[in-house]
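Chain by chain, the residues:
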Amino acid sequence: MLLYALKRLIYVLPVAFGVSVVCFMLVHLAPGDPLTAIMPIDATAEQQAQMRAAYGFDKPLPVQYGIWLFKVLHGDLGASIASGRSVASEVGRAVGNSLILAALATLIGFGFGTFFGFVAGYFRGSLLDRLASLVSILGVSVPHYWLGMVMVIVFSALLGWLPSTGAGPGGSTAWAFDWEHIRYIILPAFTMSAIPMGIIARTVRALVSDILSQDFVQALRAKGMGEGAVFRHVVRNAAPTALAVMGLQLGYLLGGSILIETVFAWPGTGFLLNTAIFQRDLPLLQGTILVLALFFVGLNLIVDVLQSSLDPRIQRG
Amino acid sequence: MIIGAPPEMPGRDRGGPGTPLLQVRGLAKHFGGSSGLFGRAKAGVVRAVDGVDFSVGKGETLGIVGESGCGKSTTARLVMQIIEPDAGEILFDGEAVGSRALGLRDFRRQVQMVFQDSYASLNPRLTVEDTVAFGPRVHGASPSAALAKAHDLLHRVGLEPRRFAGRYPHEISGGQRQRVNIARALSLDPRLIILDEAVSALDKSVEAQVLNLLLDLKRDFGLTYMFITHDLNVVRFMSDRIMVMYLGKVAEVGEAEAIFEAPGHPYTSALLASMPSMDPDHRTQEAPLSGDPPNPINPPSGCRFHPRCKLVSTLCSQAEPALNVMAGDHLAACHLVDPQSGHPRLAAA
Amino acid sequence: MTAVDLSAVPIPPAERSEGYWASVLRRLRRDPVAMAALAVILLLVLAAILAPYLAPADPFRGSMARRLRPVGTPGFPLGSDELGRDMLTRLMFGGRLSLFMGVTPVVLAFAIGSGIGIFAAYVGGWVNTVVMRIIDVFFAFPSVLLAIALSGALGAGILNSIVSLTVVFVPQIARIAEAVTTQTRNRDFVEAARISGASPLTIVRVHILGNVLGPIFVYATSLISVSMILSSGLSFLGLGVKPPEPEWGLMLNTLRTAIYNQPLVAALPGVMIFITSIAFNLFSDGLRGAMEVRQ
Numbered sequence: 000m001l002l003y004a005l006k007r008l009i010y011v012l013p014v015a016f017g018v019s020v021v022c023f024m025l026v027h028l029a030p031g032d033p034l035t036a037i038m039p040i041d042a043t044a045e046q047q048a049q050m051r052a053a054y055g056f057d058k059p060l061p062v063q064y065g066i067w068l069f070k071v072l073h074g075d076l077g078a079s080i081a082s083g084r085s086v087a088s089e090v091g092r093a094v095g096n097s098l099i100l101a102a103l104a105t106l107i108g109f110g111f112g113t114f115f116g117f118v119a120g121y122f123r124g125s126l127l128d129r130l131a132s133l134v135s136i137l138g139v140s141v142p143h144y145w146l147g148m149v150m151v152i153v154f155s156a157l158l159g160w161l162p163s164t165g166a167g168p169g170g171s172t173a174w175a176f177d178w179e180h181i182r183y184i185i186l187p188a189f190t191m192s193a194i195p196m197g198i199i200a201r202t203v204r205a206l207v208s209d210i211l212s213q214d215f216v217q218a219l220r221a222k223g224m225g226e227g228a229v230f231r232h233v234v235r236n237a238a239p240t241a242l243a244v245m246g247l248q249l250g251y252l253l254g255g256s257i258l259i260e261t262v263f264a265w266p267g268t269g270f271l272l273n274t275a276i277f278q279r280d281l282p283l284l285q286g287t288i289l290v291l292a293l294f295f296v297g298l299n300l301i302v303d304v305l306q307s308s309l310d311p312r313i314q315r316g
Numbered sequence: 000m001i002i003g004a005p006p007e008m009p010g011r012d013r014g015g016p017g018t019p020l021l022q023v024r025g026l027a028k029h030f031g032g033s034s035g036l037f038g039r040a041k042a043g044v045v046r047a048v049d050g051v052d053f054s055v056g057k058g059e060t061l062g063i064v065g066e067s068g069c070g071k072s073t074t075a076r077l078v079m080q081i082i083e084p085d086a087g088e089i090l091f092d093g094e095a096v097g098s099r100a101l102g103l104r105d106f107r108r109q110v111q112m113v114f115q116d117s118y119a120s121l122n123p124r125l126t127v128e129d130t131v132a133f134g135p136r137v138h139g140a141s142p143s144a145a146l147a148k149a150h151d152l153l154h155r156v157g158l159e160p161r162r163f164a165g166r167y168p169h170e171i172s173g174g175q176r177q178r179v180n181i182a183r184a185l186s187l188d189p190r191l192i193i194l195d196e197a198v199s200a201l202d203k204s205v206e207a208q209v210l211n212l213l214l215d216l217k218r219d220f221g222l223t224y225m226f227i228t229h230d231l232n233v234v235r236f237m238s239d240r241i242m243v244m245y246l247g248k249v250a251e252v253g254e255a256e257a258i259f260e261a262p263g264h265p266y267t268s269a270l271l272a273s274m275p276s277m278d279p280d281h282r283t284q285e286a287p288l289s290g291d292p293p294n295p296i297n298p299p300s301g302c303r304f305h306p307r308c309k310l311v312s313t314l315c316s317q318a319e320p321a322l323n324v325m326a327g328d329h330l331a332a333c334h335l336v337d338p339q340s341g342h343p344r345l346a347a348a
Numbered sequence: 000m001t002a003v004d005l006s007a008v009p010i011p012p013a014e015r016s017e018g019y020w021a022s023v024l025r026r027l028r029r030d031p032v033a034m035a036a037l038a039v040i041l042l043l044v045l046a047a048i049l050a051p052y053l054a055p056a057d058p059f060r061g062s063m064a065r066r067l068r069p070v071g072t073p074g075f076p077l078g079s080d081e082l083g084r085d086m087l088t089r090l091m092f093g094g095r096l097s098l099f100m101g102v103t104p105v106v107l108a109f110a111i112g113s114g115i116g117i118f119a120a121y122v123g124g125w126v127n128t129v130v131m132r133i134i135d136v137f138f139a140f141p142s143v144l145l146a147i148a149l150s151g152a153l154g155a156g157i158l159n160s161i162v163s164l165t166v167v168f169v170p171q172i173a174r175i176a177e178a179v180t181t182q183t184r185n186r187d188f189v190e191a192a193r194i195s196g197a198s199p200l201t202i203v204r205v206h207i208l209g210n211v212l213g214p215i216f217v218y219a220t221s222l223i224s225v226s227m228i229l230s231s232g233l234s235f236l237g238l239g240v241k242p243p244e245p246e247w248g249l250m251l252n253t254l255r256t257a258i259y260n261q262p263l264v265a266a267l268p269g270v271m272i273f274i275t276s277i278a279f280n281l282f283s284d285g286l287r288g289a290m291e292v293r294q
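Chains Z, R and B, in that order, are what the protein sequence lines are. The opening position of the first sequence corresponds to residue 0 in numbering that gives the first Met the number 0, with each subsequent residue numbered one higher. The opening position of the second sequence corresponds to residue 0 in numbering that gives the first Met the number 0, with each subsequent residue numbered one higher. The opening position of the third sequence corresponds to residue 0 in numbering that gives the first Met the number 0, with each subsequent residue numbered one higher.
Honestly, the hints are just simulated from the structure, not real lab data. Treat the hints with care, as some may be off.
Stated by the list, open to error - A partial selection of chain R residues facing chain B, derived with a Cβ cut-off under 7 Å:
id, residue
1, Q109
2, F114
3, N122
4, G165
If you're wondering where the values come from, they're calculated on a predicted model, not measured in any experiment. Glycine residues also receive a C-beta, built at the ideal position from the N, C-alpha and C atoms.
Let's have the full structure, built from the sequences with the hints guiding it.
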């Protein structure tokens, strides 16, 4: 397995390199100088030239990339224009919050998803299957930011049970594992879990019904083995792929959290991204996207290696 | 477009009756690793075809037999120029393929192939007539002329155009599909048709019908066949001459009857002996072939068959026998055929 | 045997079998769920196209005195928004932009992605490897992140939003196209076509496209619902359409403050996105089912 992990790591390096290039180029995509977004309109030509030199925009692009990459590899992601703090520390603080939210959402989604998927796959073709499949289609089709709004309407505005925004009382930006704070994570986590729930339910349904239709299973039943044994067999065979999908969903949630975090004002990387975009805070934008993308790449790698160790048949060349 | 042309259209026989239609010399193909050839091959290279010489005369059927992995299918694909040979030359009617005298496109009009899997050989989205008409269309025929030719060919292979022309591959049986494949092969008026296990996947009764069809077509169209199979009964029925392959090399070649009556190579004898017999007086008592099937990555030294040969001697593991002449055009790659090889069993005679 | 010139002889009409797409359509028509979904989609599209003629009011004219009326108010069948504009009208007009911005990226990505994938797979070799590696770089980003990053970098606007979503979907379609084409290219009938001396372009046109475009198309239809959610999401964040243009995602954004006043009205635009998304998903599933029958 170690050898395979090493092989995959080597394969990932050019991809990570490509990711860094894309992140770097993002800032230079819009027509015109990246500077025009930052500078006040009435800046003199001299001030503009000074700023340009300070940010290194006067150098040719490949050189700029090289300097930026060099700094990144040393952990320096630059400083946020808006707050002045180092991007690395801002992202570092926010990542924790996002991870907690995404992890919880993934667990909830995985739990409900496997339940519905199992029911649908085991009782394929029956009414139960249709109901469970309906739930999973709803999960996959829902616009999650709208679902968040609906949750807020129902549980916060109408019923008043749960708070509508923030990670803690008084708009605190740190989340802790106590009752006060748990109330704040419930709505965002459940909202976030809808799409993974739908996807996992679909995947599990397909897996389960595939495994059950194998001749192997008929042979087991003919031998007189109880349903319990069949169930365990299904679980063992479905587990690697199901877990892989769960891992991937975690990655998607982490990278795509901006919409939900905006709705709930959850102080995570998504919210940070939102701020960066609207304040045209380019270093913050670049740094956040880079960290999130690399997280995703790393997560994919781990899922890949784990899946191949659980099921040796799955090995990507 | 002329339909039903007489055998050997005037102007196509460039080499004359004496020239073999197909001559292959020193053909070789190694898979995996860069061009390592005889002796310089790298580890892990599959030596699928390793120095093969043969020729096919005009109007004859050369049967090629051997077990799986002996290289017969690869040889077919090399002749068809589907894959690039690593070494060797291929002469068609005396001219080298790919030279100025015989371009690849021109060659393609004269040599066609019928594959083993009748279903995979047909585009599921095209009707039968469109499949057969594709070749003529590619070479410039008008749609109506191509369709007319397609219908005529379908009729020739025993598929009534009214019933079959508008059908899709999944709606007809395996035998019918193979007839379509044969019609397609004929659509470019080829002179040589390579049949790569073309009847192996068919039921026995259907197989007999298709074989008889092939014989009729050969006579009517003046065709030459290269018939590849692992079924010895079929190859005896169809072939004028037979070539036996083993591990990428030719083991024996000669007239069909000669091979069956008096095989020269121990491998051929073993193959013939392993045919199950219905005759209670000639039961097969022991397995004629012992040992494991060979590994084409690491072929045995000397004669490739020596680990499984009942007549093996130390000479066999040291020196590789050439294709020695037994009688006339009957050749076998065995030391026992060469009176001067020094094989111990020869001294006893 | 005498030679006969048959090109002058008329061919008797052969019995024609049902083609592949005809059989897909037939199976699709028998699927009630898919048909219902298709009906919903057509209804939405029609309402969007005919909005200028069917809508009761002007989508841009509002009055502060009549803001945030509930559903069922006379004159405002679905209520009014935060600037007093009629919701039904806004939703109908909003459908035009929402559907356009949701479907266009998928259409563009289908064309571009298929081209890239089929080309890379047919040519094979190192070209294929290089192209797919570049595609892999884009796969390294979660779709939402990439869409937002590109949109954020390019700036707000309809065109920019379509461009960024197209860039998000091209790699996905290209990957499917490459996989299916590689599979098809290795089948015997393609080899047989090569033996008949056809040029690569002819082979792709006659033999490969017919077998490959179907699966790619089905995959593309499954992306439409994702595209709609993402494009409306971009507008929701303020990265897509700008006010006062009616668009469902943007409307959700501007109505957010009204969730305490008129929760039902505030939720309506999202309901539209939800319904559209479900309909496209159900139709796509039905299409896949109709195509998957083993022939």
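Now for the hints, and whether the structure bears them out:
no., hint, in the structure
1, Q109, "violated, 11 Å"
2, F114, "holds, 5 Å"
3, N122, "holds, 5 Å"
4, G165, "holds, 4 Å"
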